[in-house]
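K.L.:
Taking the hints into account, I'd like the entire structure generated from these sequences.
Protein chains in written order, with the working numbering: chain A, 1 to 410; chain B, 1 to 410; chain C, 1 to 410; chain D, 1 to 410.
No lab work stands behind these hints, which were simulated from the structure alone.
Check each hint, because a few of them may be wrong.
Chain copies aren't distinguished; within one or between two, either way the pair holds.
Said to hold, decoys possible - List of simulated lysine to aspartate or glutamate pairs, EDC-like, C-alpha gap at most 16 Å:
(1) LYS208 x GLU361
(2) LYS52 x GLU28
(3) LYS52 x ASP216
(4) LYS52 x ASP173
It should be emphasised that the depicted structure is a prediction, and the values quoted were computed from it without experimental measurement.
There are 4 protein chains.
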Amino acid sequence: MHLSPSPRAAALRDQVRRFIRERVAPVEDALLHRQRQLPDPWVVLPEVTALKAAARAEGLWNLFLPSESGLTVVDYAHIAEEMGHSALAPELFNCNAPDTGNMEVLEKYGDEHQRRTWLHPLLEGQIRSAFCMTEPAVASSDAGNIRAQITDDGDDLVLNGTKWWSTGVGHPDCRLLIFMGLHQPEAHRHARHSMVLVPRDTPGVEVKRLLSVFGDQDPPYGHGEVSFRDVRVPRANLIAGPGRGFEIAQGRLGPGRIHHCMRCIGAAERALALLCARAGARVAFGKPLVNLGGNRDIIADARIRIEMARLLTLKAAHLIDTEGVFSAMAEISAIKVVAPSLACEIIDQAMQVHGGAGLSEDTPLAAMYAQARVLRLADGPDEVHRGLIARIELARQAEAAAERAAAVPR
Amino acid sequence: MHLSPSPRAAALRDQVRRFIRERVAPVEDALLHRQRQLPDPWVVLPEVTALKAAARAEGLWNLFLPSESGLTVVDYAHIAEEMGHSALAPELFNCNAPDTGNMEVLEKYGDEHQRRTWLHPLLEGQIRSAFCMTEPAVASSDAGNIRAQITDDGDDLVLNGTKWWSTGVGHPDCRLLIFMGLHQPEAHRHARHSMVLVPRDTPGVEVKRLLSVFGDQDPPYGHGEVSFRDVRVPRANLIAGPGRGFEIAQGRLGPGRIHHCMRCIGAAERALALLCARAGARVAFGKPLVNLGGNRDIIADARIRIEMARLLTLKAAHLIDTEGVFSAMAEISAIKVVAPSLACEIIDQAMQVHGGAGLSEDTPLAAMYAQARVLRLADGPDEVHRGLIARIELARQAEAAAERAAAVPR
Amino acid sequence: MHLSPSPRAAALRDQVRRFIRERVAPVEDALLHRQRQLPDPWVVLPEVTALKAAARAEGLWNLFLPSESGLTVVDYAHIAEEMGHSALAPELFNCNAPDTGNMEVLEKYGDEHQRRTWLHPLLEGQIRSAFCMTEPAVASSDAGNIRAQITDDGDDLVLNGTKWWSTGVGHPDCRLLIFMGLHQPEAHRHARHSMVLVPRDTPGVEVKRLLSVFGDQDPPYGHGEVSFRDVRVPRANLIAGPGRGFEIAQGRLGPGRIHHCMRCIGAAERALALLCARAGARVAFGKPLVNLGGNRDIIADARIRIEMARLLTLKAAHLIDTEGVFSAMAEISAIKVVAPSLACEIIDQAMQVHGGAGLSEDTPLAAMYAQARVLRLADGPDEVHRGLIARIELARQAEAAAERAAAVPR
Amino acid sequence: MHLSPSPRAAALRDQVRRFIRERVAPVEDALLHRQRQLPDPWVVLPEVTALKAAARAEGLWNLFLPSESGLTVVDYAHIAEEMGHSALAPELFNCNAPDTGNMEVLEKYGDEHQRRTWLHPLLEGQIRSAFCMTEPAVASSDAGNIRAQITDDGDDLVLNGTKWWSTGVGHPDCRLLIFMGLHQPEAHRHARHSMVLVPRDTPGVEVKRLLSVFGDQDPPYGHGEVSFRDVRVPRANLIAGPGRGFEIAQGRLGPGRIHHCMRCIGAAERALALLCARAGARVAFGKPLVNLGGNRDIIADARIRIEMARLLTLKAAHLIDTEGVFSAMAEISAIKVVAPSLACEIIDQAMQVHGGAGLSEDTPLAAMYAQARVLRLADGPDEVHRGLIARIELARQAEAAAERAAAVPR
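P.N.:
As structure tokens, this is what we get:
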């Protein structure tokens, strides 16, 4: 179990770190602030466009995709952690969700036409995309509940239903929606749903509103509520084939969860750095905060927990690399339970050490918190992942018990 | 130790509950939403004005102030819990912080002129006020750090410094600021600061910006950063006398913390009700959420913890009623540690059960979370309160040990 | 909701405190140590007999039983807390479980003959008793699982089965066992079991062994595994009537749980006192432990949690006094979840502050831990109580939601 | 960072697992029970001697010592985890603390005579040893507090003082004590203490008593209180040189802590297996416990936490292998904080699922708990380790902040 990055990946990681440190960090807070002050914040700032170009020029582009970057999941995990230190970074390096997962889907399941039409411009960073799975009317943590409809009509597919938490749908460059719907309701539970490529401007597609998280809509990305009313696309837009939606959804989430979790770990590191800096500099009752109360215990526990979460995520990445996503299910679920919660808790502790400033726009902590908090729900809530881990564990334990029983000589 | 409300207080509590249930709850979410959509949200909606008038007409007005309402702190605590079920309620019943604390200060420490000028219109709900103590440059959890200056200049006082987290300063009716500053720097640590009444429109007072909490500025109240530059007020605006700022700050916070904590408990109750409703109605994997995972344990623990926090808050209120604020210091600190955290945790669990909806504007949970989270810092962060409790405990234990030692016959 | 003791109860509480402080505390550790060193530790030490006589002479006797003491459950709760400061105290004041619960059963459900035969000598402290309900073969947390048999045979009852965790059965004065068994297997789930009085020396009763808790058998009380083989007793030994076992078991546990929980709170107070004393006196790295790491936070949190647990227990006691055991079910379950866990945690923290000494026989902490840990299982494990609280909560919430819905005018 | 065992180590691990499963597990509970029932339990049972011989015959002997086994610390860590599944295993494979640490000291710091006299018979398993550092009179978590005296007297050293928690001193084969004392009180804080080899039968050495943990003395090993009164040994018994005690103590603890922590992880795995088996088999309220309440969450969290603790321990082992003990200080402290606590918590949860049986001698859980609980204090309490981690973290953060500041172009 080798968890370090390859030498090339380590060099890329260092390059990403330097890029963020030298070019992004000095301007990020001001850019984000300006975005939110704009009368219409659903635009891409020219500075962001320039930084993207600079990142691409340095070769820091599409690193998430093995076929493009030549990196393993473990390799990229180390790089993803670095991106977690910045809110802008994933976009700058064209490594932003949900585009990353959508590109993976297109690469793995798309046919040549689909790849040429959509994958290519996504890889170029010319367009952006959204993933339309979650529905307001049902507990979408159980994918079996998904009830938006896909109806066959000659050479067309007709889509109907309402989706929400379609991340990225507010972006001015969003051109593609991947839609998951109920297609073959009589089939086996895992073969009922299909995925369909829907151009953003297809008639009948309407973004009803952009949802807020703790009051913020996260422009220019946004989480949309999207209505599909008699949306008609050619049957050729079906991904992989009818009834394969569930399979694609599962496979899509493996590496993506590694990315999310490593970014959470990067965010936790960033919060811990902010916490330590503040606790060292701020004085109350004649002492720096770091010498008051249980603050050193908080720092020690944060360090310990970050280390453990990182190792577990790397182990899950290693399993994906060596045994595939489906063998790594328990570990992937485990990090989804661990990393976002960890990030939330350390960010919250950093807030507390910062006093009022920690809750305000004067630090990045509140925005970081919102982002990490969303991840306790997105891609499956903690509860579903715990249930899955327990199920796998109980099966393994039963097997081991049988083995142990067989081992005892009579 | 009698913790129940008097019959009259119980009747008022029921009346407040009905008012909120029948008149506020049905419109609250829509009003709050509309407020935030306004081009200038720093206004009072006419519906709010109408509800205030209705509340006052029913006699549900200034209940927090014993001299006005004839209620004990225990009595009002029960009523404050009801107000915690609604974001609008404190305003509607003229029981909103920081006006409540400011009115208490004026009543207890103000001279007749001060009371007539400011207390009367506050009690009438004609004006609003802010409390300017916390400063961005220092750890204000240690009041001894406060360094904004009050300089004597003949019959005037001249104020300089920057304050922030001055809650309510964004309100269009805010007319009065209570300013705490360093006045006698050479005096004993607890006699250096004074408090001064500052009309909002005094030259040199400038609201630099309104701070956000998790991205929201909480209009029309707001938390302001306020600059005081050579602000000149007559010496008659000094409250109680020079050097008494620390004493006033301490005394001010006793009942106010009871109010905050009881509202937190009301908010926790509201969150638990939302959680139970959602967990009973939403179905995943063929079962209502309430029958999945550890959700019943979460419900049971929430119920237990709410009960305990309420009883402790009522005990602290009872101590204030019977022995005074200074005898109730440990208990008041204890509830400040317990109630806001409890509210945060239960609200967070309710969010989780609601899935994405819980983070969005579709439920009141995100706004409730922000409000409860602020209270883990406002009026003293948890850490300072824990330190105080430990100090009192160690002193009590040392005393008890001495007593026990003396009790053993030789 | 009046939670203070009556003046008379307060005086008795103070008297109990003094008795423990002056007469028990100075000798307790040595007595307990000597007991365990005896070749046969299943005896009553003469010093214990003398202390019992002294306690009785002072009128500190049977205080737990309202009909004897004239105390309410709230009154006695305050006294029970004092008894929690000592391992010997409950025995000395004839307030020891399971005798207390057994006496309550006899008083409430026993007929005159039963009371004369067994209640009288128990009240005199001449004999002791055990309660035989839990069975090794089934999850006895679900009383419906109890499967030891009671068979009618003419004027006799014949008992068969194996019980364990029959506390007190190792005591040399144990003369009475209360046996719960399946009597009417075809009846309604809650009417199948009966309770029967069994003299300890009835043929067929055999104490197979005494169970240890963390390696200690707790002489001279002990938790026994007891086999009943064709044990024949007259039908007159049936308590209350056939099929009433479940009802008696429920009713028996109300006040008993208050007693247990208040003793846990007393134990937690004792542990906190030991913790504070040690942390103040012991020096590492040049500072008393109390000034190192998070120890002050531990002390503050312990104080807060003890206060809350005590108030909740007193509220439950108050409900029993005013509305009866069955109305107080949720609250009684709540304190069973809270108080033993709280005691375990504070005792564990006190151990940690004591270093190795805390785990050894040099402090009472290890024995206190074992006793509190047992209570997380005895009288219903935490999990069952949480389940009950959640069930009641969900029912209440459903009712409140209906009420709220009805309240909104259309 | 390669965390897997070498192929040879993996084979040895499997062999150890099989040995425990097939030869130890079937008899262990009975042997341990018999030991404690013996009139004099301070003996080695013949079955244990036979199992030792069998283990040695299989080559499963002294695997902990790299120079003997050819294994890295990472390699042995995997094997140590297996030994954590059994209370007897460490002894059987001659890998028992404190002999392991003592052998490491002799190998690394001992001169040839010392190694021949003591290391050889220890490696042969002919004798056993104890480590006498902790003192009852001072907080020994701060090694600077150690005050037992070493006085030079010509060619002799004279030792005086009282030690306790000298593990293994009760064993009938214990022949050697390693004594740490204050030798050069005027030297620098870290150069005051020396370590001395003391034959167990030297006049003046007296084992005053064997301490219990939760009431159990852990025969035949035991934790002794040992008095040294004018104990005279030749100066040649000094290890490494005067004033090097602190250095030796630090170096001694690195690999030892890996061993302890991996055994904790093995114990946690064992507890989880017992928990799952019981929760699957036991039925209450008509369902197996595994389908009740939050039990599946407990199982999932246990699995997650075990995985993370194992990875962190392996990383610390890897750092020792590649960079040495002193570079791995923070990581070694981290696992000492994590692994024993984790084991305690999972064992405690397994107890709870077992009901009363879990606390009794009918499962190994109570003994496992005691052993894990000791490790939250032995080799440095959690608090000291947290303090160390925080200190290292703050230094690293300060360094990184300086680096980041330098990186920003002006």
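K.L.:
All hints are to be evaluated individually against the structure, with a verdict given for each.
P.N.:
Status of each hint after checking the structure:
In the homo-oligomer, the alpha carbons of LYS208 and GLU361 lie at most 16 Å apart only across protomers (14 Å), although the nearest pairing inside one protomer, at 28 Å, exceeds that limit. When the C-alpha separation of LYS52 and GLU28 is checked against a cutoff of 16 Å, the pair qualifies only within one copy, where the shortest distance is 13 Å, while the shortest distance between copies is 44 Å. Taking the shortest Cα distances, LYS52 and ASP216 never come within 16 Å of each other, neither inside one copy (24 Å) nor across copies (29 Å). In this homomeric assembly, LYS52 and ASP173 come within 16 Å of each other (Cα to Cα) only inside a single copy, at 14 Å, whereas the closest approach across copies is 47 Å.
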